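Q: So you can see what is in the structure, the chains are spelled out below.
Protein chains: 2
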Amino acid sequence: MVYTEKRIEQELRRHGHKITPQRRTVIDAIMRSHEHLTPAAIHKRVKSEHPGIGLVTIYRTLGMLAGLGLICETHAGGSCRSYLMRRPAEHHHHLICSGCGKVVDFMGCDLAGLERRLAKETSFKINGHLLEFLGQCRKCSLAAGGQKALSE
Amino acid sequence: MVYTEKRIEQELRRHGHKITPQRRTVIDAIMRSHEHLTPAAIHKRVKSEHPGIGLVTIYRTLGMLAGLGLICETHAGGSCRSYLMRRPAEHHHHLICSGCGKVVDFMGCDLAGLERRLAKETSFKINGHLLEFLGQCRKCSLAAGGQKALSE
DNA sequence: TTCTAATTGAAAATCGTTTTCATCTGGCAG
DNA sequence: CTGCCAGATGAAAACGATTTTCAATTAGAA
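Sequence lines, in order, name chains A and B. Its first residue numbered 20, the first sequence is counted upward by one per residue in my numbering. Its first residue numbered 20, the second sequence is counted upward by one per residue in my numbering.
Derived from the structure by calculation, the hints contain no laboratory data. It should be emphasised that the depicted structure is a prediction, and the values quoted were computed from it without experimental measurement. There could be a bad hint or two in this list.
Claimed, not checked - Below, in silico cross-link-like pairs of lysine to aspartate or glutamate (EDC-like), each with a Cα-Cα straight-line distance of 20 Å or less: (1) A:Lys25 x A:Glu109; (2) B:Lys121 x A:Glu140; (3) B:Lys144 x A:Asp124; (4) A:Lys66 x A:Asp47; (5) B:Lys121 x A:Glu134; (6) B:Lys63 x B:Glu92; (7) B:Lys139 x A:Asp129; (8) A:Lys139 x A:Asp129; (9) A:Lys121 x B:Glu92; (10) A:Lys158 x B:Glu140; (11) B:Lys121 x B:Glu92.
Stated by the list, open to error - Per label pair, the in silico range of CB-to-CB distance: (12) B:Arg33 x A:Gly71: 50 to 60 Å; (13) A:Leu74 x B:His53: 35 to 45 Å; (14) B:Gly96 x A:Arg135: 21 to 31 Å; (15) B:Lys63 x A:Tyr78: 41 to 51 Å; (16) B:Met20 x A:Lys25: 47 to 57 Å; (17) B:Lys158 x A:Arg135: 29 to 39 Å; (18) A:His53 x B:Cys128: 35 to 45 Å.
All residues carry an ideal CB built from backbone N, CA and C; glycine is no exception.
Model the full structure from these sequences, guided by the hints.
A: Take a look at the structure:
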């Protein structure tokens, strides 16, 4: 299941939020992109179509969308503040290109077994995980030649 | 293999860095803690033993240690800026208590298979991953009663 | 011991984010 | 269709975290 513009607007309304042209533009910008975007990057993109829009509005809209779980946060590359439309609504993770920022979603992280093991070994009550793969997409990989293994 | 104070100092020297009392104190504070600490938190701890130390020095020392791979960065809880001594020098991950900040290291993330699958399906050249489990340690879990599943 | 490059701390600059407040507007009630 | 008002907006100011600058200090090699 994927979020469409219609579904997103429904979701906003359902929570008592209004649909403004500014919000539409921000949502559009995020939906259109297959990269993770920082608030500043979104602002830049959005300004061309909606010159007067303030960075504050971006922040507020992002906060709202994130609160409703409609966008995902990305941690790659240091910034904890990059966002991405939540494309599959279900549990999923990201594979991120360090070259161009392109993001591929994937499901099936299969960490349940590991989670069980850890819970047993540590007596923790585990309630979530953060998983991202970093790499280079085909294009960036070719462009770069093919050195550099960052492996963590 | 675990980093000892001696080994860390060797490592600094090897890279042309000097061993100053301030640095020793910072390293000590990080080593002693089993929580992930923000720069400000480290500063607070360190000041009691070394009153005049500036927050700047903390930042600089953290930058240096991170650059050498001697400390780990944690992403849990929003802050991208919490650090932790790299306890096993090998590839490992963290299980973090959202209550008290306690961190348990674990090895054997077993993501090689998934990584292979993704590489094949997406033509990405994958060179790393970010994995953290979030939860509550036994103590915090009991204290909190036992509601709230944050599951992502 | 001497000397130099590296390190330190204070202050200022900078960056990203949030708050405040006066103004404006989406969308419901009439 | 019109008026109304809670919610939304934008500018400016406030804020907190991080970085830069610079003069003074110091670790450690010679």
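Q: Each of the hints needs a verdict: does it hold here or not?
A: Cross-check of the supplied hints:
{"no.": "1", "hint": "A:Lys25 x A:Glu109", "verdict": "holds (18 Å)"}
{"no.": "2", "hint": "B:Lys121 x A:Glu140", "verdict": "holds (15 Å)"}
{"no.": "3", "hint": "B:Lys144 x A:Asp124", "verdict": "holds (15 Å)"}
{"no.": "4", "hint": "A:Lys66 x A:Asp47", "verdict": "holds (12 Å)"}
{"no.": "5", "hint": "B:Lys121 x A:Glu134", "verdict": "holds (17 Å)"}
{"no.": "6", "hint": "B:Lys63 x B:Glu92", "verdict": "holds (19 Å)"}
{"no.": "7", "hint": "B:Lys139 x A:Asp129", "verdict": "holds (17 Å)"}
{"no.": "8", "hint": "A:Lys139 x A:Asp129", "verdict": "holds (17 Å)"}
{"no.": "9", "hint": "A:Lys121 x B:Glu92", "verdict": "violated (23 Å)"}
{"no.": "10", "hint": "A:Lys158 x B:Glu140", "verdict": "holds (15 Å)"}
{"no.": "11", "hint": "B:Lys121 x B:Glu92", "verdict": "holds (14 Å)"}
{"no.": "12", "hint": "B:Arg33 x A:Gly71: 50 to 60 Å", "verdict": "holds (55 Å)"}
{"no.": "13", "hint": "A:Leu74 x B:His53: 35 to 45 Å", "verdict": "holds (39 Å)"}
{"no.": "14", "hint": "B:Gly96 x A:Arg135: 21 to 31 Å", "verdict": "holds (23 Å)"}
{"no.": "15", "hint": "B:Lys63 x A:Tyr78: 41 to 51 Å", "verdict": "violated (29 Å)"}
{"no.": "16", "hint": "B:Met20 x A:Lys25: 47 to 57 Å", "verdict": "holds (55 Å)"}
{"no.": "17", "hint": "B:Lys158 x A:Arg135: 29 to 39 Å", "verdict": "violated (21 Å)"}
{"no.": "18", "hint": "A:His53 x B:Cys128: 35 to 45 Å", "verdict": "violated (27 Å)"}
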